[in-house]
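Protein chains in written order, with the working numbering: chain A, 1 to 207; chain B, 1001 to 1067.
What the hints contain is simulated information worked out from the structure, not anything from laboratory work.
Positions of the beta carbon are idealized from the N, C-alpha and C atoms, including for glycine.
Among these hints, one or two may not hold up.
[What the hints assert, rightly or not] Label-pair distances were calculated between CB atoms; the ranges are:
(1) 95(A) <-> 1008(B): 38 to 44 Å
(2) 1049(B) <-> 60(A): 48 to 54 Å
(3) 1028(B) <-> 10(A): 21 to 27 Å
(4) 1010(B) <-> 161(A): 43 to 49 Å
(5) 26(A) <-> 1026(B): 23 to 29 Å
[Stated by the list, open to error] Cβ-to-Cβ under 10 Å is the rule here; a few derived chain B residues that face chain A:
(6) 1033
(7) 1036
(8) 1040
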Amino acid sequence: MQSTLEPPIAFSQLMNLTCGGERPASRARETMLSVYALAIGLVLAAVWGVAAGSSSAELALADLYKVPMVILLSAVTALPAGLVALRLTNAKLGGLELAGAFATSIFGGTLVLATLAPLVAIYYHTSAKAGVPLALGSVFTALATASLLFARAVSRRMPAQRGGSLLAVVILVAIFLAALLQFVALASPIIGVHGTPLEGGFDGLRL
Amino acid sequence: MSLAGHDEHYLHVVWTIVSVVGIVLGVALAVLYRRAARRAETEAIERILAEEEDSNPRGHHVSQRHG
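Work out the full structure, taking the sequences as your base and the hints as a guide.
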């Protein structure tokens, strides 16, 4: 049941926080906002999933849960490493603050994915050349956006002594990407039926 | 596509297991949200009581004396 004394978490509040606005006053509200950010992010990822898998109804339905699941599992795989890095570097940033910044950055990244979803869908159906590259491009754009938002959120939370905190950000993002690569391979096919270079996981990369 | 030499069936089982873990995580996040919402409500009540106490210290004194 939603509190009658505290106003419910609003989407505008989440957008404001993602764009560098004021953080909630209490830890409880910050936890609520972080979970809300992750939940909305997963819904937005599902929207992109439907667009990327729109070559067949079966794949679109499967992507509805595959894409959010891949993002959730990658985030949960990476978070402990970020928290350990935070402690080992003796950074002043709290674990909840790091998790909150991570959740809002995931929201920001998936917002980019959902925004590009119609373009991905239309190109996938109308262009043999640009369909798959555009879908992959939207993923890389979202990842870059999320990483920048994450670094900015942590920097704003720690105006001074930000070295250790930013190291935790780098470690967290690196492990998130490594986990994402393998979860995508495990969940494949996600983008279309012809496959992408990412479907072979780390072993499929031509280094 | 085979990963690390494993067959389709093995990978399907692994994906099913990680999906179940993901669903459990989703439920855990929902529980976390509800607990945080309850804590936020408690904090709001405490804040309101403290504000009333500050604005009416005599009333609080009397209520403390008479339970």
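_Hint residue 1040(B) vs chain A: min CB-CB distance below 10 Å?_
holds, 4 Å
*asked:* Given a cut of 10 Å on the nearest C-beta pair, is the interface hint for residue 1036(B) held or broken against chain A?
replied: holds, 4 Å
*Could you check the hint for me, namely that residue 26(A) and residue 1026(B) are 23 to 29 Å apart, CB to CB?*
Holds, at about 24 Å.
*CB of residue 1028(B) to CB of residue 10(A), is that within 21 to 27 Å?*
holds, 24 Å
*At the C-beta level, are residue 1010(B) and residue 161(A) separated by a distance inside 43 to 49 Å?*
Once the Cβ atoms are compared, 47 Å apart, the range 43 to 49 Å for residue 161(A) and residue 1010(B) holds.
*Regarding the hint that residue 1033(B) lies at the interface with chain A, is the smallest CB-CB distance below 10 Å?*
holds, 4 Å
_Within 48 to 54 Å: is that where the Cβ-Cβ distance between residue 1049(B) and residue 60(A) falls?_
For residue 1049(B) and residue 60(A) the Cβ distance comes to about 52 Å; the hint holds.
*With 38 to 44 Å as the target window, see if residue 95(A) and residue 1008(B) comply at their CB atoms.*
holds, 39 Å
The structure agrees with every numbered hint stated previously.
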